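> Read off the chains here:
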Amino acid sequence: MGRILAARLAQIAATLAILSFAAFALIALMPGDPIEVAIAGDPRLSAEDAARLRALHGLDRPFHERYLAWVAGLARGEFGHSRLFARPVAALLGPALRATLALAGTALALALVLGVALGALAAARPRLAPAVDAIAVMGQAMPTFWLGILLIILFAVMLGWLPAGGVPEQGFGLSHLVLPVATLAIAHLAAYARHSAAALEAALTEPWIRTARARGAPERVVLWRHAFPNAALPVLQLAALDAGALAGGALVTEAVFARPGMGRLLHEAVMGNDTNLALIALLVVALVTMLATLGADLAQRALDPRLRER
Amino acid sequence: MTRLGLGLGLLAVLAAAALSAPLAAAWLGHDPFTPDLLARFAAPSAAHPLGADDLGRDILLRLLYGARVSLAVGLAAALAAALIGTAAGLIAAWRGGVVDALVMRLADFMLALPALPLLVLLAAADPARLGLPPRGDAAGDVLRIVVILAAFGWVGVARLSRAAALACLSREHVRAARALGAGEARILARHVLPALLPTVAVATALAVAGAILAESTLSFLGLGISPPAASWGNMLANAQELVFSAPWAAVWPGLAIMLTVAASGLVADGLRRRVSPG
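Those protein sequence lines, which keep their order, are chains A and B.
One rule links them: number in the working numbering = place in the first sequence (from 1) + 65.
One rule links them: number in the working numbering = place in the second sequence (from 1) + 43.
Hints are computed from structural coordinates only; laboratory data are not their basis.
Every value quoted in this text rests on a predicted model; they were computed, and no experiment measured them.
Incorrect hints may appear among the rest.
To be verified - Selected chain B positions facing chain A (Cβ under 7 Å, derived; list incomplete):
no.: 1; residue: 152
no.: 2; residue: 167
no.: 3; residue: 259
no.: 4; residue: 264
no.: 5; residue: 297
What the hints assert, rightly or not - Computed Cβ-Cβ distance ranges for the label pairs, DEER-style:
no.: 6; chain 1: A; residue 1: 145; chain 2: B; residue 2: 92; range: 51 to 59 Å
no.: 7; chain 1: B; residue 1: 151; chain 2: A; residue 2: 286; range: 35 to 43 Å
no.: 8; chain 1: B; residue 1: 181; chain 2: A; residue 2: 364; range: 46 to 54 Å
no.: 9; chain 1: A; residue 1: 273; chain 2: B; residue 2: 269; range: 57 to 65 Å
no.: 10; chain 1: B; residue 1: 206; chain 2: A; residue 2: 273; range: 30 to 38 Å
no.: 11; chain 1: B; residue 1: 302; chain 2: A; residue 2: 170; range: 30 to 38 Å
Even glycine gets a Cβ: it sits at the ideal position worked out from N, Cα and C.
Kindly produce the complete structure, drawing on both the sequences and the hints.
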């Protein structure tokens, strides 16, 4: 286990290093370097001022020097400033990361529980299977942001039960969390329902299920005690593959509901030409996603002895 | 009806609707791109079958013109991804060694990263600096999104076609062809590529669904197709601004996206069942 963990962590570090270089190079192609933006905003700045500012911020140096200086800064924990929010990037990351993890974590837990329940329903009652399948197909085809807008129209505009978005000035804001969590959970539930239905149906054809039934075990015990543990592994594997999609889903959900979070921070930074913030937010999102994938993989390995031997 | 038939039928209806957009515009006598302030928030009527949006533009016509964008982007991105992916997978399986390792490491790299955050960053890159038409130019926007989505979509196709090509390259008929003195190019083109087609077809149908969803998401986030050109994604971005004044504007574009994506998914599912029964 220790060797695998070390190898995977090294892989994550290498992926981040390549991503940081590629993204840094890409940012050089983004519209307007910060100095051009400053000139456009203030006509009193002359060409000499611009040259002086570029030299001050190191923008006149060649690309590889800028990249190395930036990486060295990151290694020292200097994340720089956000031009858009006029605050240190490090101060923005903490709250945003917490907000996104709360949203995505709750939604994932809900999607897992409801998805597996739906899958079990389809496996236990074959007559309901086509209905569950149809719900799952629609759920997977539905764009997350449309689902969010529909929920806003139904629960915020027509019924007026819940706020349409944002967060309260004070307090935890549970009522503000309901619609975003529901949106993200419904968007991800479909895949779990389909996957667990297939896994349970496969497990229910195994010989030990026939043995359990022959011993007179009730159908409920057969399903949850005998079939489910074997079906849990493929579902966990899906959870590992889902981490990246969850990060994307959180970005869209945060955009629809105007919720603070990593996805919205990245989106706003990209829209507002705040290159430094965009880069660091992307790297943090990528790191958290890869760590989540690793966590799910390790859990799967811990539960499945066949994977442990290799 | 089979899944394949249902999916293809739905896609055909959607394609026919997209092609008929100019006809519908002539029939109704509006232009879906110019504001008509007298028709703001018009309720559904004979003149505006699905009503009009905040600028008085006909929602049905924008939906039909949006279908052109969504279908064009989805099909073009998926076909480009299929071409690149098949070539990459085939070459990786055939050459093996360093080439194989490089292609597969690149694929692993892209699969490990969260796709949408990366797409957001990529979509924000300024095409004008590369000498391409600036953002907001309708054709330029479509091309930009197709290129970005193809750059991501090839990975899935490449992995599947590599696995299929590896299986095929070790089969008897390939070795027999080699023993008979067939050239490598002939073996790949005549004996391996046809065996990959079922796999590639399934992967391409899935890529169409993924590309249409990704395009609508990017357009919704303001990074894809920019108004006044119509896309289902940017129509929904506009509709979200109007949830209090015109909630019905949000229904149709989302329904259209869902139908199209579900149809592509059905095609993929149906093809898979036909290729490997059971």
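> May I ask which of the numbered hints given earlier this structure violates, with the numbers listed in increasing order?
Structure breaks no hint.
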